[in-house]
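Required output: the full structure, derived from the provided sequences and hints.
Residue numbers (this note's numbering), protein chains in the order written: chain H, 75 to 488; chain W, 3 to 228.
For the record, the hints were derived by calculation from the structure and aren't laboratory data.
No incorrect hints appear here.
Covered, in the sense of this in silico footprint (three residues per stretch, anywhere, with C-beta under 8 Å from a C-beta of chain W), are these stretches of chain H:
(1) 75-83
(2) 393-403
Simulated restraints on C-beta separations:
(3) W:K163 x H:A467: 42 to 48 Å
(4) H:L365 x W:I58: 47 to 53 Å
(5) W:N76 x H:A467: 27 to 33 Å
(6) W:M3 x H:A463: 53 to 59 Å
(7) W:R70 x H:L365: 55 to 61 Å
These numbers come from a predicted model, not from an experiment.
For each residue, glycine too, the CB sits at the ideal point set by N, CA and C.
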Amino acid sequence: MFAKLALQSLFDRKGSVVLSLMAMTVSIFVLLGVEHIRHQTKENFSNTVSGVDLVVGARTGSLNLLLYSIFRIGAPTNNISWETYEAIASNAKVKWAVPLSLGDSHKGFRVLGTTGDYFDYFSYANQQHLNLAKGKAFHQVFDVVLGAQVAKKLGYQLGDKLALAHGIAATSFSLHDDRPFTVVGILAPTGTPVDQTLHVSLQGLEAIHIDWQQGVKMPGSTITQAELEKAKLQPKSVTALILGLESKMATFRVQRAINQYKQEPLLAILPGVALSELWQMMAVIENTLLLVSALVFIAACLGVSAMLLSSIRERQHEIQLLRVIGAPAYFLFFLIELEALFIALLSCVLGAGLLSVCLVFLQNYLLGHFGLHIGSNFLTGNNLSLMLAVICASVLVAIIPALSGYRQARIVKR
Amino acid sequence: MAIDLLNVRFHYPQQPNHEVLNIPSWTLPVGEQVFIHGPSGGGKSTLLSVLSGLLIPDEGQVSIFGQRLDQMPNRRRNQFRANHIGYVFQQFNLIPYLNALDNIQLASRFAQRKKAPVLLGDIKKLLTDLNISASDWHRPARALSIGQQQRVAIARALINKPELLIADEPTSSLDPFNKEAFMALLMSMVSENGISLVFVSHDLSLSHYFNRVESLNVINRCGDSP
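Following this line, the structure appears as structure tokens:
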């Protein structure tokens, strides 16, 4: 009965109630959205690489190395020589070493030159290895294995031919169109940048650049496709290496050895450590976003309270009447609180609903443009406790109008 | 005695020098109906608020059915009011957005006397007795005519079977026809159930419904100034 009274009373003032409800809904939507995307991004990034003990590249910032080698963000500064790769790979403490070569693209997707070992050793999330959804890994020079998103977005099937572009811009004028690649495999989706990558052999990359000088195609090339496949295509350099070690205990020693490598300036990083550096940088932005959404929420809470407060004046007769039929003064306190609670609950439901609708629509966009795999299930323990906090906060702020209602109830009309 | 006032004095805290009530002694026997008339501003509403326990006098005794309202803790006084006293105002007797049934149910909820199914039967019987047709039971109170609203107000005041009914100018917003109909209904309800009634109005034409008619100026010794 009392809940009915509160609901009917709210419904009776639907004009102002709906506006406050909308403000609350939007603020809860923003709060939940920021919190959800924050967590998903972190999870995404942390899931991108696992089982890799060290990432080695030319000397640069550790974040820069991590971003271009693993996340395919930004451009590599310099390459490391093939001899260095062989030296590191032959280190007794190194279990496996996979070279990565970056720099070309296909319709905005990055191309990664590597060896067959990549598919055996690279893992993501919880030590999950890459799986081929269709076809097989590359064996010929002009074979290419597509990430799940690449195949889906560009509609490639096994056996399709495609030309790589020089450089990493989405539209490039210098195509390696004289030497097309054949799709031999398509990887299962991983939710990591692997999905947006085309994988070719190092030899393939070498082959398409064989008669290029200074990044420009030289005219009058006479080497045929068949000749190329036979030729020994030994790359002179690679962009980065990922290493697995025999023992985790050796990680820092190997890292030191690489960092002090005499022949070439190198940098070895632990992906986990570099990631946490990234979080420290991101934390400022994250916290600012969270703070702003919290402020928006508080503003909405105050809006609801102002609405309830002004309603008390127009409800004087109602309050007096409730008192006369036996309602204690504190009943008015709880009635106003109940109304605030209903608004908060309804806003939570609406805000959460709005967020799930938006996530469904934005999922593909975020995945395609930012490589962010944002799950649509945001009702995690964390967000539920956030909602609980939201409800508590609105009940707390509603103490102001509730007290005013209580005071009003204590005044007896003359 | 239904009401027993002794040396009741009251002033509002905002106006410490202006005494509103000064009643040396006044009683109402159980089952009696009294008509009190007086000018507005004569402490009428204040007296009724004291009788219903909404206001506590500065000094003196307020006994309703032998219970000292002035000595009860807040909680018990609210409960006592819900259980024993019905109240009908000139207007604003109902929560405007609730329908007739809900308005009456709400009143009984504070008294907590009966279970809901029994109650609903009682409410429907009361509304039927008060000539409210079933089609109007589910309409919000503000959609009812003033005459209907006042009759629903009687039902609301009587649902908890109060022993005392306080009516504060209940007919002032009614037209003459509705006024007579309302009075006839009210008086029959009251005498049928043996309810003590304090009826306050400035309209002396209604006094013929009552055996006892008193002037507020006589009861209240400080009714000279507004």
